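Colleague: Sequence:
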Amino acid sequence: MVESFSYMVYFDILKKDINSRARNGILHTAHGNVETPVFLPIGTRGSVKTVTNQELKFWGAQMILANTYHLWQRPGDALIYKAGGLHGFMNWQGPIFTDSGGFQVYSLAKTRKVMEAGVLFQFDMDGRQEILSPEKSIQIQANLGSDTCLILDDFPGYPFEHSRSQASIELTGRWAERAIKEHLRIKEFGEPINPGQKLWGIVQGASFEDLRAASAKQMTALGFEGFAIGGVAVGEPHEDMMRAVEFSQAELPESAPKHLLGVGTPYDIIQAVARGIDSFDCVIPTREARHGRLYISAKDEEGREGYTTLDIRLEKFKEDFTPLDNTCDCYACLTHNKAYIRHLFAVDEPLGIRLATMHNLRFYLNFMKKIRTAIEYDFFGKMLSEYKQVE
RNA sequence: GGGUAGGUAGCGAAGCGGUCAAACGCAGGUGACUGUAAAUCACCCGGCUCUAUGCCUUCAGAGGUUCGAAUCCUCUCCUGCCCA
Numbered sequence: 200m201v202e203s204f205s206y207m208v209y210f211d212i213l214k215k216d217i218n219s220r221a222r223n224g225i226l227h228t229a230h231g232n233v234e235t236p237v238f239l240p241i242g243t244r245g246s247v248k249t250v251t252n253q254e255l256k257f258w259g260a261q262m263i264l265a266n267t268y269h270l271w272q273r274p275g276d277a278l279i280y281k282a283g284g285l286h287g288f289m290n291w292q293g294p295i296f297t298d299s300g301g302f303q304v305y306s307l308a309k310t311r312k313v314m315e316a317g318v319l320f321q322f323d324m325d326g327r328q329e330i331l332s333p334e335k336s337i338q339i340q341a342n343l344g345s346d347t348c349l350i351l352d353d354f355p356g357y358p359f360e361h362s363r364s365q366a367s368i369e370l371t372g373r374w375a376e377r378a379i380k381e382h383l384r385i386k387e388f389g390e391p392i393n394p395g396q397k398l399w400g401i402v403q404g405a406s407f408e409d410l411r412a413a414s415a416k417q418m419t420a421l422g423f424e425g426f427a428i429g430g431v432a433v434g435e436p437h438e439d440m441m442r443a444v445e446f447s448q449a450e451l452p453e454s455a456p457k458h459l460l461g462v463g464t465p466y467d468i469i470q471a472v473a474r475g476i477d478s479f480d481c482v483i484p485t486r487e488a489r490h491g492r493l494y495i496s497a498k499d500e501e502g503r504e505g506y507t508t509l510d511i512r513l514e515k516f517k518e519d520f521t522p523l524d525n526t527c528d529c530y531a532c533l534t535h536n537k538a539y540i541r542h543l544f545a546v547d548e549p550l551g552i553r554l555a556t557m558h559n560l561r562f563y564l565n566f567m568k569k570i571r572t573a574i575e576y577d578f579f580g581k582m583l584s585e586y587k588q589v590e
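According to this note's numbering, the first sequence holds residues 200 to 590 in order.
Simulated from the structure, these hints should not be mistaken for laboratory data.
Since the structure is predicted, the reported quantities are computational estimates derived from the model, not experimental observations.
Beta carbons: idealized from backbone N, C-alpha and C, even for Gly.
One should not assume that every hint holds.
Claimed, not checked - Label pairs and their calculated CB-CB ranges:
id : residue 1 : residue 2 : range
1  : Leu513    : Gly356    : 29 to 37 Å
2  : Ala538    : Glu500    : 26 to 34 Å
3  : Gly287    : Leu550    : 39 to 47 Å
4  : Ile217    : Phe388    : 46 to 54 Å
5  : Asp499    : Asp323    : 38 to 46 Å
Can you build the whole structure from these sequences, using the hints too?
Modeller: Quick look at the structure:
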């Protein structure tokens, strides 16, 4: 877009790890700074399920992710625009990242049709059909006023096939050009709610080196202000995901901020940080919390720090009056014990999933803080080599 | 003492002559969940094993009828309710 554009304008790299591509940075947005590497809790429909903005902020959430497709369907971007954009509507003062609806092209594959013009969706709420085009996605995101928005993209599920993935990067590339034009048109002639909104490109190409490289080069050439790596965490092995990250990031500007879409487990995250990823979003901590799965710190036989999970619904916790995680400083751990939280799940008390959600989010947010600290004080290499899921 | 309704897998509860190891719910268990159609979903839940259109032991107990019984008959035990 702008030839002289410098990522330094809004992304500062403060520190680089000596032994890996991990780095600490600050992303400057119209709604404040974000320390990276960062994890974005997901608030698909304008709410991080069961939790308040005040709580999120208190626990250390810096930026949240919302969804174009779902907010478009209900309550509609026109209404959100009137409310002062998503920031005003949900009264979240911090930065917001919006997904383009591209993920729904994948997750709602049964009820949509991909065409060159865009994607024809049949809304699950009322059955009406609408086309989400690359331009439409940008218009909606402009009305939402997110700080970082994404191009509409297309990607296949797993297992990967070269020809299908090639078609996806080509289509995504054509859509990317249309998205940029629309983004610039709105900035120049429209009345965007957030003039500081940045549009990021998305690299696709599954785990194929040539496709990831081609896609990354194309996105870079198009001059995006940041890059997301997509099409991962669709069922492929962890190693394939890391290959996708490596192949993509190898052809992206080092100084640009990079987001890994939809990832992941703590292990996926730390491995991706080591490969140069600056931000993440994932439903794991929130969704799994509602399903009773809690992430807690744990050490292996050798005393190395990692994490494990537990299912709080199990009968074995019926009389366990100890905290979920005695190294955790979340409200749930400081105030309640396993037996009580298990009871709340057993009788379907909403407080159960709320406590579980706050714990998992706090766990993830603390985990990212540990990563930032490790990079800052030069022990990221040690942390990286030791941190994994222990049974 | 008389009458009446019942006794089914851990619990509740269907079934009322074959297609019944027995619906369904709960409890219990296992597994999923990665840019949220997910406070959800799948599977297991008498025993054995080659996990199967397989075998064994079950529907209070005993004994019958029948080719065949959780289902019908007789007696016994137990429980709720009503009458004395």
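Colleague: Hint by hint, which ones does this structure get wrong, listed from lowest number up?
Modeller: 3
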